[in-house]
Each structure stands twice: as C-alpha cells, then as structure tokens.
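As they're listed, the protein sequences go chains A and B.
Counting along the first sequence from 1, when you hit position 121 you're at 121 in my numbering, and nothing is skipped either side.
Counting along the second sequence from 1, when you hit position 210 you're at 210 in my numbering, and nothing is skipped either side.
It is possible that some hints are incorrect.
Said to hold, decoys possible - Simulated crosslink set (EDC-like; lysine to aspartate or glutamate; CA at most 16 Å straight-line): (1) B:Lys152 - B:Glu137; (2) B:Lys205 - B:Glu110; (3) A:Lys334 - A:Glu310; (4) A:Lys334 - A:Asp367; (5) B:Lys206 - B:Glu72; (6) A:Lys261 - B:Glu110; (7) A:Lys261 - B:Glu27; (8) A:Lys261 - A:Glu275; (9) B:Lys216 - A:Glu310; (10) A:Lys261 - B:Asp22; (11) B:Lys216 - B:Asp197; (12) B:Lys60 - B:Asp36.
To be verified - Covered stretches of chain B (in silico footprint by chain A; criterion: 3 or more residues with CB under 8 Å from a CB of chain A, positions within the stretch not fixed): (13) 8-18; (14) 22-36; (15) 98-109.
Since the hints were derived computationally from the structure, they do not count as laboratory data.
Cβ coordinates follow ideal geometry from the N, Cα and C atoms, glycine included.
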Amino acid sequence: MSAPVSGKPRPPKQWSLFTRMFAAFALVTVATTTFVSAYWDSTLARRQAQRVLLVSDALRLHGPEALALHDEGDDEGARRVLDALAAETDLRMTLIDGETRVVSIGEVPEAAIAIVPEGDALTTRTNERDQTWLVLPSERASDTRIVAVATPVQRSLRELRIVLLILATALASFFLARLLTRPIVMLRKATHRIAEGDTSVRVGEVAGAGEEIAGLAADFDRMTERIEDLLASREALLRDVSHELRSPLARLQVALGIARKRAAPDLVPLLDRMERETERLGELIGLVLSMARLEQAKDLTAPTEVRLDELVDSLASDASFEAEARDRAVSVRKKEPISVRGDAELLRQAAENVVRNAVRFAPAGTDVEIELVRVAEDVELRVRDHGPGVPETALAEIFRPFTRVDEARDRASGGAGIGLAITERAVRLHGGSVIAANADGGGLRVTIRLPAVA
Amino acid sequence: MTIGGRILLVDDDVELASLISDYLGSEGFEIELAHDGETGLARARSGEHAMIVLDVMLPKRNGFDVLRALRETSRVPVLMLTARGDDVDRIVGLEMGADDYLGKPFNPRELAARLRAIQRRVGAQHGPQRELIEVGEVALDVGARTVRRAGKEIVLTTAEFSLLELLLRSAGRVVSRDTIAETVLGRRLSAFDRSVDVHVSNLRKKLDPSGGDRIKTVRGTGYVYAMPESPT
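Next comes chain A alone, as it looks inside the complex (with noise of 0.2 Å):
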C-alpha cells in the first residue's frame, strides 16, 4: 500500500543495535585493558624492590671478582666479569680507581659516583625517577668502587600505547558490530518490505551469521510463504464464492421478474424492493471479481498508449451527468495532454471509481475538482471533494476491500468500499501510486500517480 504512515506517535529515540553492539565491545575493552594496566601498576612497587634485591644479589656476588682481578692489575678480566654481569642484569656500571673509570659498561650519571659508600657493604640509594644506584667498594682500596645504575621496572602503558589501543579496539569493534548487526539489518528490511504489501519477498541464505540468525532466517521465509499464502487463500476465497453466487443470483432474479408479473398490485412495492436489492448484489460481485482479477494479473496484457487528458474529459462529463441530478458538480480545474503507457479500459476504471467515490461523499451543492498535471516524470491526476474527508488514521484504510472508515458516513451512502480497492490495484498494475490525504479547507484529495509517458 502506498498511502503514508501517518498519525502514529513515533516511539522515543533509540539506539541502534549497532551502536549499542559498537559501545558495548569497545566500552569492555576499554575497561579490561584499564583494569589490568592499573593492576599492573599497583605491583610496581613491589617488583620494584624485587628487582633491587636481585641486582644487588647478583652485584655482591660477581662485583668482589672485578675488583680483586683489577687490584691484581688484570682489567681486562675485570671487565669480561662486569660485562657478564650486565648481560644477565641489565645494570650500567663502571668500576671507579679514584677519579679514573677503568671499566665503562652504559652511562652512569656523576651524581651516582658522587655517593659516599657507608663502610664497605653495599649502599643503594634510589632517586626521583625510580632509578636505583648501587656504590659495592673495594674491600682493599677504599678508593676503589663499582658504581652501577639499576633502570626502573618499566610502567605497563604509556600514553601513545594507550591511545592506540582504544583505536584498534575501536576499529574492531566496528567490524564486530556490523558483522553481527548486518542480518539483523537485511530482516529488517524484508520485515519492512512485507509490510508495505510484498509478500514475495524472501530473505534466502544469510551467509557467515551464525547458526541463529540462519534460523531465524529461515523461518522468517517460512513466516512470509505463510503470510503469501493465506493472503491469496482469502483473496481465492473471496473470489470463488462471489463466482458461485452469480448463478443463484441470476435465477433468483429472472424469477422475481416472472412472480412481479404474475403479482397482485400491493406486493409490487415489496418486489421492486427485492429486485433492487439482486441488482445491488450483482454488482457487488462484479467489483469483487474485477478486483480478485486486478490481484491476480501480473503484467498488462497488451498497453497501449492512452491520452489521460481524453479520457478525464470523457470521464468527467460522464460523471457531471450523474452528479447534476443529485445537485452536485464535476469539474476539470487543470489539464494538460499528457499520455500514459497502460490498459484504457481499467485506467478509465481506476480514475472513475475515484470519481465516483468523490461524487458520493460530496456534499449537495459542491463541486467534484478534477486535475491533472505533469510532475517530474509522472503525471498526477488528483481529485478533491469538499466532503467531510478521513480521519488521518483511516487514510491508507480507504484503499483496501470493505474497510469501513465511518459507521455512519458509510450507512449514510450505502458505500460498500470496494472501488478504492480495484483503484489501488488497477494503478499498481500501471506501475504507479495512489495516495489520499485530506486537502487544506475540508474534503479529501485522491492522487493517482503514473509514469507519464515522455
């Protein structure tokens, strides 16, 4: 159907599930690797002090060897012991003989030199920047020392490491997100689809989702087949018996025409009454057989090109003759010779039902105003009645079969809403819409949209 939702309060905005999906991954990255990093640091302390304990360990051990082989003249040993011990240690260190760095292993800053061993163990001092320095002396030459920098444990995260992680963990998030939200997506879309009308609509295999949105596809297709085929159940349903009451009807009438013959002259009233009635009844059949036919066709059968402007002059004169004697009017306010690809016969019928409709719900002494222009691509034909109008929630109900808009609108003009229908049908058919909305001042304004031919 192609009238507008309209009317509806809309729900409150929400997030999408993407969004939320989005949030959700990058939000419990985000924490975790903010958890473990604080946790990490927490123990810094801890292993700092380890660290010192080991280095020192491991300085008090190796450092005697260096500063006995450098006594005894051999620097070069001594130097193959530091070495050693930096490899396993990671420490800077230089082995001091008074002023003169006989051994260099790294950088060590003078302020650690500076620092006056306490007897001869070792002494560790630890500055501002976590760094720790280490003064072993010589149990010999008191001017003799090694001096060592141990560097501090390193903090788990830096800035920029930061940063790109929340980046990466975004980037995979993203694609996390929309590769769980895309079927999701994809149903939605054929939910919508359905909706507007298209029960053909199939979602088939959803590849790489899972076992269940497969499912659920699934049996979404299964859901629409169901919807599909009960649709054409009742539309069959509606059709056959409209077919099988028109043999009945047929003889029931010719019958009233004998018994009116052969009445006395009060029950003419009541026969004339019956015979109005059967009248009424055959046609009803007519448009819902029209209609079950119009659903069924899926392309035009042989299109013509069919002058729109012709057939609303032709038509509205047709239908001032009727309204005129019911004191109403129709009249052609614009025009333009416009053609269109299609059926005359069920054009002529899809812009007459429209037309009737509007006559019908005119009040006396109004007119009918017909239209018809080129807009874009397409032309309009819009046709307005200065009636009571639809309430705004029944606009799109209008077009289907034997909706009831207004209990008392609808008694008041015998209208059994069925021409609507077969317009809405007949125009789908041509590839176009139809589409009604109540007009500025009162009244109800029809619009039937069609590819224009160029």
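Start from chain A and add chain B according to the hints.
Just chain B now, with coordinates in the frame of chain A:
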C-alpha cells in the same frame, strides 16, 4: 402472440434458461434453448432464428468461439451474456461482432428491452422504403440493408448498420453518444458504458481498413461523419 420470430438462447445453466424462457415467453417472445456451444452453433447456423442470446461460459465451445464461427456465415443479431466483473469479455464480444451485451446476473426486463431494440432495428428491414443514402463513395441501401464502398459490399452487423445509417443521415453534423445509444442500441447509455465507442471503432475498421478516418470523434460530445471534401 409471438413477435419477430424465434430467439435461440444458448446457456448451460438449464434452470436459468428455462426461467428466462418462461419470462420471455410471457413477454411474447418464442424461445428455443440450447445448452452447449456445439448444439448452439449448429442451431444458430440453421438460419431459423431472428436473434441469438449467447452466454460466454459454455461447455464444449465457449461463446466467443461460437460467435466467431457464426459470423463467418451469418449476420444474425447476437446478444452476448457476459460474466459481470469481466470487463474484458464485453468489449471482446462487441469487437467480434456481437450487437449488444448484458452482464450476468441481469434484470430480465433489461434483457427483454434489449431484445426489442434489436428487433426494431431488424424490423426496419421489412419496411417498404427503397431509400439509398450516398455520402462520398459510401452508399447505404436502407431497404436491402447493404452497404457499398466504391461499389464493393461491406458486411456489417445490425448494430453497425444502424449506426452508419444514423451517421450518414446526419453527415457533417455532430451526433451525440446519447443519441447514438438511444437510436442504435435502443437504450440510454449508463455512465461509463463504452458500447457505442466499440461499435464506432468496429465500423471505422470495416469502412476504411487503411485507417482513413471518415468518422471523427468530437471530444466529450459524440461523433461526426465527415463530408467528402469534393462532393461527387
């Protein structure tokens, strides 16, 4: 009292056919019944009937089939009973040479009225007048009910003949669709009835297969038979 010869009613609904027969009998018509297409066609070809009432939905051969076969040899007036709600059917019937149609279910009074209208047209045939109407190269013999164009006979149905007669009599003047309906079909045109237009279109094709338009449409009003440009 019977009027205007026997009518053949071809309808497979036996009960309906006998009811119609009753009704029309009381209206003064004489009715013969046939219940399938083959029998119907055979009887129609016998030439014993003044008119044929032909249902579309028939066993063995459908109504269109029967009409097509019948039109090869006969110009007997045919009224088609089309299924209501089948708008295509009624047009197709007229295009194939039916004189009129009635959607089923119908009011029997309407059927009787249509049959009388057809009878009146055919009845004119037996009139004494020996009138010849000539416009341009088209000559219509009212008495013999023949039409010739440039000496060559054109076969028309009774409806088409009456239509042409009306248009030729008013050649050069506009004839409204309502007048045509009342004169030719014997009834008032209900709104949106395309019968007149279909008959006109059939007549145009028969008069001028090449497409030259002698009968012009006057939008919103009716039709006019164009006077030849240089009168002969």
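Consistency of the hints with the structure:
1. B:Lys152 - B:Glu137: Holds. Lys152 of chain B to Glu137 of chain B sits at ~10 Å (cutoff 16 Å).
2. B:Lys205 - B:Glu110: The given pair, whose Cα atoms are some 30 Å apart, is violated under the 16 Å limit.
3. A:Lys334 - A:Glu310: holds, 13 Å
4. A:Lys334 - A:Asp367: Judged against 16 Å, a Cα distance of about 14 Å means the pair holds.
5. B:Lys206 - B:Glu72: With Cα atoms ~15 Å apart, Lys206 of chain B and Glu72 of chain B stay inside 16 Å; holds.
6. A:Lys261 - B:Glu110: holds, 14 Å
7. A:Lys261 - B:Glu27: Since the Cα atoms of Lys261 of chain A and Glu27 of chain B sit roughly 10 Å apart, the hinted pair holds (cutoff 16 Å).
8. A:Lys261 - A:Glu275: Holds. Lys261 of chain A to Glu275 of chain A sits at ~13 Å (cutoff 16 Å).
9. B:Lys216 - A:Glu310: holds, 14 Å
10. A:Lys261 - B:Asp22: holds, 11 Å
11. B:Lys216 - B:Asp197: holds, 12 Å
12. B:Lys60 - B:Asp36: holds, 6 Å
13. 8-18: holds (count 3)
14. 22-36: Our answer is that it holds, as 3 residues pass the Cβ test (under 8 Å) against chain A, meeting three.
15. 98-109: holds (count 7)
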